[in-house]
Amino acid sequence: MKTPLWQDIPWESVKGIAPTYRARVDKSQWRDVFLQCREATGRLIALWATDARPEQAEFMVHAVLLFADHWLWISYGMDETNPNYPDVSDIFPAAIRRQRAIYDLLGASSGASDTRPWLRHGAWLAREFPLRRDFTVSAATPGGHEESYAFVRVKGDGIHEMGVGPVHAGTIEPGHFRLAIVGDEIMRLEERLAYAHKGVEKRFESLGLIEGARLAGRMCADSTVAYTWAYAMAVEAMSGCVVPARAEWLRGLLLERERIANHLGNIGALSNDGGLAFGQTQFSLLKERWIQTHQRLWGHRYLMDAIVPGGVAHDLTHQDRAQMEHECNDLEQAVRILQDILADHAGLQERFLGIGCLTAARIEALGGVGLAARASGLARDIRTEFPSPPYDTLAPRIATRRQGDVAARVALRFDEISESLRLMRHILADLPEGPLISAPPMATGKQGLGCVEGWRGEVFVAIERAAPDGLHHVHIHDPSWQNWPLLEQAVIGNLVPDFPLINTSFNLAYSGHDL
Amino acid sequence: MNAREIPLQLTQFVLVVGAAPLLAGWIGQCRAWFANRSGAGLLQPYRVLRKLFHKSPVMAHEASLLFRIAPYILFGGMALAGAIVPMFSTGLPFAPVADAIALVGIFAFTRIFAALAAMDVGTAFGSMGARREMLVGFLAEPALLIVLFTPALISHSTSLTVIVMSLTAARLVLYPSMAFAAVAFTMVLLAENGRIPVDNPDTHLELTMIHGALDLEYSGRYLALIEWASAIKLLTYIAIGIALFVPWGIARSGHWAHFPLALAIFVVKVIAAGAGLALLETLLAKMRLFRIPEFLGTAFMLAVLGLLVHFLLGA
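If you read the protein sequences in the order shown, they are chains A and B.
Residue numbers for the first sequence follow our numbering, so the first one is 8 and each next one is one higher.
Residue numbers for the second sequence follow our numbering, so the first one is -7 and each next one is one higher.
Just to be clear, a hint being listed does not mean it is correct.
Across the chosen pairs, the derived CB separations fall in these ranges [claimed, not checked]: (1) Arg343/A / Phe86/B: 53 to 59 Å; (2) Gln36/B / Ala446/A: 54 to 60 Å; (3) Pro88/B / Gly361/A: 49 to 55 Å; (4) Lys209/A / Arg29/B: 41 to 47 Å.
So these bits of chain B aren't anywhere near chain A, every CB distance computed over 12 Å [to be verified]: (5) Glu(-3); (6) Leu7; (7) Tyr38; (8) Thr115; (9) Ser119; (10) Phe141; (11) Thr150; (12) Thr160; (13) His196; (14) Gly246; (15) Leu275.
Because the hints were derived from the structure by calculation, they are not lab data.
Nothing here was measured: the structure is a model prediction, and the numbers come from that model.
By construction, the Cβ of each residue, glycine as well, lies at the ideal position given by its N, Cα and C atoms.
Next comes chain A alone, as it looks inside the complex (with noise of 0.2 Å):
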């Protein structure tokens, strides 16, 4: 087998993502393969941990990197008395709070010195780790033990601390954010998240494979058609089952009207945070007629369970297609107008411009992915990177920006919208006739993988099989995970009134971070 590096490491080819790699590695290894990494200017895609008992009386920790022309999937045995494995996030600072989730999880430390708990508020005791396999839901103590957490603290004459969150006055997802600041510029801002934690690994574990598909939606609605697509390629690498190309097709339809749809909702938003609400009623209503259409073609206003392991579960008609083609161009007419507006609008674009700004070596530094680096000039997108059908075919043509301010990433929104469109109408025209569904997967495999480019970047998804009660352990990773530190950089030095409007700029997901 053709080996990437580290000719003396027994690497495996695993099916999902191609080509990837997997091997065990040792301690220095571990440490190795992240630098390399880092040095071939990679990024980490995800870091999880899982518990091998009691077939190996070990936990392991996992880790896929991402290289430009392959991915690497490495796992590391931890002594099971005492886990513990090397600390990566001086390398790649998105791994901390990752690293942070693997302690609270499995109790399993890697030395860094943020020992702070991430995901757990309270709701298990620090001595509980869910996910071991002795920990069961029903024994453990009952939640409600909320300790203290120990903000950085930010000193200095004229400098203030204020806490915004988890409850907000508007109707939106809990989340905690400690700002510093002098006056109304921001100095410092700390994020606390992970207050809709909802143990879904462990969920999966009392799940089948193809019953996993309807929860893997459910991680974060907006990007329902992104999560499912990943858990249903996970699930088809390891089960060797082959994907016609009809629902190949139809799956990249869908996750581009998904891309498309959260868009508009984000400009509109955008354009109210910037205090001009008629941006929001009109992009609102795009975003309504739009997502009606998925009510009336596939039973569900954001597409939950419209993909499904071995393929989709619904098909297109002629005449569908035929009024999708006049929806695209009715959407793309009334969003340039819309954009000519907002373009033209000085007050609007004052608000946008110059504001939370990323420079492409800062997203480099942090690891960040998807829109939020495309945006300062990083062209990070798993469709071009490592184009899956029916992505080979169509060649999507990846927007950039460079500003890296939250103009850039409204332009870049608008740039997306006209690209999804293009490749709609491209699967409109060309898609291929044939069966929606092959025969149902049976899992056979050891382990898959699965990514898929959503709207706010990877989502990622790893399933692995553990024998010999034949459960299998799901990794669900969403990109919000690299990008909610970028947002930490971004304010700095802006306005406490501003930090809404960046925040949008970025929409992150909390219930897919939460996971």
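Fit chain B to the given chain A structure using the hints.
Then chain B, alone, in the frame of chain A:
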């Protein structure tokens, strides 16, 4: 004071306090129409007030007496201000209580109580809102005073009643100085009433609020009083604008026959002003916080220009 004018005073007081939410409803409805929405209807502010009065208020543990009485002071202050501005008739018995300068003082007085009450419970948002509110206030008040000086110089009095009488007596004379003052007054009105582009009255984003941050800790009847007071304040500001810049149609003291027509003319003016305000708010985005000093500085400069023009041209 003429005893026959007591009913007039009562009518205006009841109308101002009772109909102020209707103006808020009208502006909301216009904004909805301008954005192609159907809107919640003219009576929505009344429904909100009824809802709030039926809710039991929740008080912060640290709240002092100041926090409890501030809403009453706000409401009382605004109701008083609304009662002394000549809206559809001069000769209000209460009018001599305060001239234009004292009126600005009433607004400043209520603002101080609102800010103190917001800081009273010690939340970060309250203090932040109080700080921003004082920033807006200390820039808007001088501009408002200078705006008032131009008509005061024209009519040789700071009493609103005298100003209205002298301006209406002159028949349609165009004062160039008043044009500058009118623009400056509109800018101050937007800032003082927490409207776009200075503040967004509809936002749910607590970090961006100016006026909204002051009432974040209020609930139930206290919040109802504050919202009602804001509605009265807006109506009063519009009435001041009408009295200063388009006073024609206001009935003279004692002219009872003109009274119904004057009332109708006033209502039409307020409807037009509300629609105009809604249009402005639809077209403009909210400014960045640190643009507000520039905005109010411009208002001040325009008001001073008005004064200069008055001295130069004598008109």
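Here is how each hint holds up against the structure:
no.	hint	verdict
1	Arg343/A / Phe86/B: 53 to 59 Å	57 Å, holds
2	Gln36/B / Ala446/A: 54 to 60 Å	57 Å, holds
3	Pro88/B / Gly361/A: 49 to 55 Å	53 Å, holds
4	Lys209/A / Arg29/B: 41 to 47 Å	44 Å, holds
5	Glu(-3)	43 Å, holds
6	Leu7	30 Å, holds
7	Tyr38	22 Å, holds
8	Thr115	9 Å, violated
9	Ser119	8 Å, violated
10	Phe141	30 Å, holds
11	Thr150	35 Å, holds
12	Thr160	37 Å, holds
13	His196	3 Å, violated
14	Gly246	46 Å, holds
15	Leu275	8 Å, violated
Consistency note: the structure conflicts with the earlier hints numbered 8, 9, 13, 15.
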